[in-house]
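Assemble chain B onto chain A, guided by the hints.
Protein chains in written order, with UniProt numbering: chain A, 1 to 529; chain B, 1 to 376.
One or more hints might be untrue.
Said to hold, decoys possible - The calculated lysine to any residue pairs, modelled on SDA-like cross-linking and capped at a C-alpha distance of 25 angstroms, are:
#1 B:K303 x A:E254
#2 B:K4 x A:E227
#3 B:K4 x A:E228
#4 B:K163 x A:P347
I should point out that these hints are in silico values taken from the structure, not numbers from a laboratory.
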Amino acid sequence: MAMKHRIRKKNNTKRIEIDNISSHFDVNLSNELEANKKEVFRLLGNSSDVETRAFQLGKIHPVNAAIIFLEGLIDKEIVQNYLLNPIINDLRGTNANEKIPDVQQLYQYIKNFNITTAELTEISNFKTLLQHLLAGDTILLIDGVNKGFAVGARGAKERGVEEPTTQRVVRGPKDAFTETISVNIALIRKRIKDPNLWLESFVYGTKTQTKVTIAYIHGIVNPGVVEEVKSRLDKMDIDAILESGYVEELIQDETYTPFPTMINSERPDAISAGLLEGKVAILVDGTPFVLLVPALFLDFFQSNEDYYQRSDISSLIRALRFIAFFLALLTPSTYIALTTFHQEMIPTTLLISLAAQREGIPFPAVVEALLMEVTFEILREAGIRLPSAVGSAISIVGALVLGQAAVDAGIVSATMVIVVSLTAISSFIFPSYNLAISVRMLRFPFMIMAATFGLFGIFIGLLILTLHLSSLRSFGIPYMSPFAPFISNDQKDAVFRAPRWKLRTRPRLINQRNTIREDSQRPMPDKKG
Amino acid sequence: MIEKIDGRQFTILVIMNTLGASIIFIPSIAASIGKENGWLTVIIATLSGLLIILLYNAIINQQMEKSIFSLIEETFGKWLGFMLIIFFNGYIYLNAVANVWSIGDFMSLQILMGTPEEAIELLIVITALIAVRYGMEVIGRTAEVFIPFTLFFALLVTILVMKDANIENIQPVFQLNRIGTFVGALPIIGITYLELFILLGMTHKVNRPKSAKRGLMLGGFISGGILSIITFACIMVLGVKATTHYTYPIYALGQRISIMDFFERIEILVAFIWFFTIFFKICISYYVLETGLNHLFKLKDNKTFSIPLALLLFFGATIMVPNTFNAYSFISGPYFVVSFVFAFILPVCILLASIARKKVKKMTKNGTEQSKNGSG
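Looking at chain A on its own, in the form it has when it is part of the complex:
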């Protein structure tokens, strides 16, 4: 039976490995070139992108050889100049068999003197051959040798380093990660030139064979967190990893929470800053979004630009983000609670104008609010998916038709439109998109609580929310620190950002060993001069 069954304990599903690969996985290469080539073609189902080029080594008693590669994944220039050119030219004028009588010696000769690429792996079975071939290496096979070479001359089309499309900044580096993991690692290495920046790579995904690399700064990172990350990664058993989101969902602490417990960023400077704080980065091949753990609630309020601007500006903007968090979360529910239950809290003049506006509105405040919020969410989602050519249409529909016309038609009140707009704008202020999503989701339960219990309902909601947040952990670190548990030393970089010369220590809970960051003094220029 060629089929290999693996019965998994939990859900008893069977995973069937496909016939042609599994039976030949560990079969060694044979001595005959043609047989090997045929087998490779057969294993790949004669796919049209598999290409081969046969040639001969030596002139008088030639030895047959061939290279096999996947079209589009190799750099043809390199293959021509550093693989084919030296081999063919060096041996062309000679009698290969006279110069090197034994094929095995020829093989060694080629390895040592001909091939001039940096990456070269010897392969002896079909399993490794396929792995290298599919990764974009060029395979060199020689007749009469039951081994071959995998030459690293990868050159798949890649996107260059461009500006980040998310997490934009006014001041700060403008490069972003790309889809290629080696480029991403280089972008971090370029910033942290420290021998203690250590990387460990693994391959996950039975079908995609995706490279996952963890990076950390040895001596700053908490070794327990690194071990935890590795053990969680090891537990993954998945067929494909197409984006770091796959990894995130499989290794995060808590699934059933609206809050993200891992940071993702496409900014190398943000990831480097995290590494320097003692965090662990998880890079996944094929996506510009790099994960960073452990993540605290606070991290989602911090933008890297906070550290590039002067501390007073950054502090102000950061405080603004906290205000916006509550605005985005609570504005509609507070409006509902005030107009439905606590009219006495609204000043009389305002109350009169509110009442006048709501006079012709057929819905209670909560229905009105839900209606507008849902409409807005639809508009926003549509705006993201729309082709850019029709992008302006959505703003016309959104702003004019649904906003102005709805008010004129007496379906919603003008105040409600203001409330929804304020909520919407506030939710765009967060540097991290995933916190904005949590706020979007949580707004609705809060609106329902407000409609049933007024402000009391909102406070109960806040209480449950805080309880939930306090119960979360990210890789062992309490999510709400440094607020709960309160760490006075870390308040310097929490709601406000202290001047740089005061940021002497790294966050205490994340790295427990090497906490001293710097020892700069307050700049005191000599004023007399």
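Chain B in isolation, oriented as in the chain A frame:
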């Protein structure tokens, strides 16, 4: 994982536990007995409360990182210990139910007029259930998040009403009604410091016994200060008569707030100071009650009793108190006796018995050693 809270969190829970419920009744009780010296009454209550805390700290010394329930059982033996734990749990249950009821009553009377009391009580009990299932660590951290807001609002209310303060309201200072000034401290101690006895049921969760003792003392001192200031503000602004007249004088205080004639009627802030403190008080009682029951029935899973207890709390709150008047006459009178028996006489007994038992143990140990030496 063993859950542990640190000294700071314990201090905050002590503050929450002392302020919970009492912050809204105390000005009224203090003014009705202590009259214009009501704020002095609260200060006297605070000072004597600190003495009571010394008693509790002595028990923490005896506990040696065990829970109070194990201490009771060790000291009084299996059967008497069992009975005492049941009594203690009964006291905690009474306390928790009273607190749940008082939020429900207050909310349905003052803030959500149309909403039935039971709905509010159920919502609170469910929230407390969530909190207790998350565990003491999470409750401690949540309290840590809310304490700055609570203290800030308390301070804000006090400052904002000071424009209406009239010094004549507290004059003459300590000239008349001197006995009343002292007597009034008794019911205040009953609903504040004596209730701290419940917290002894969770001191073994504090990472160091030393920080538990410090937390109890510091928390008691801070909350006593807050209560004194608020009573002072109530009597200064509202006068003795009005303070006595209102059931919730601090709420009436909040109604007077007016900032630039725009922010008015923000007494709801006051309601929420009180709500947060009382919520944590309920959580603590609930948690200790659960710990006590687990100890009685030797259960390992900490969460077995949480849902049945939630139901008991809810139904207790709906049926135990017939009406508001009844409740207040109970709080300002007989309740002190209940507290005194369970939270003063019981701890004194525990302390004395525990010390005596240790002495006896030591003596017998020495005795056997001596007899051994003698025989040898």
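For each hint, the structure was consulted:
1. Of the supplied pair hints, the one linking K303 (chain B) and E254 (chain A) holds, its CA atoms being roughly 20 angstroms apart against a limit of 25 angstroms.
2. Between K4 (chain B) and E227 (chain A) the alpha-carbon distance is near 24 angstroms, which keeps this suggested pair within the 25 angstroms criterion.
3. Note on K4 (chain B) and E228 (chain A): the hinted pairing holds, with a Cα-Cα distance of about 22 angstroms set against a maximum of 25 angstroms.
4. Restraint check for K163 (chain B) and P347 (chain A): the C-alpha separation of about 21 angstroms stays at or below 25 angstroms, so the hint holds.
When held up to the earlier numbered hints, the structure conflicts with none and fits them all.
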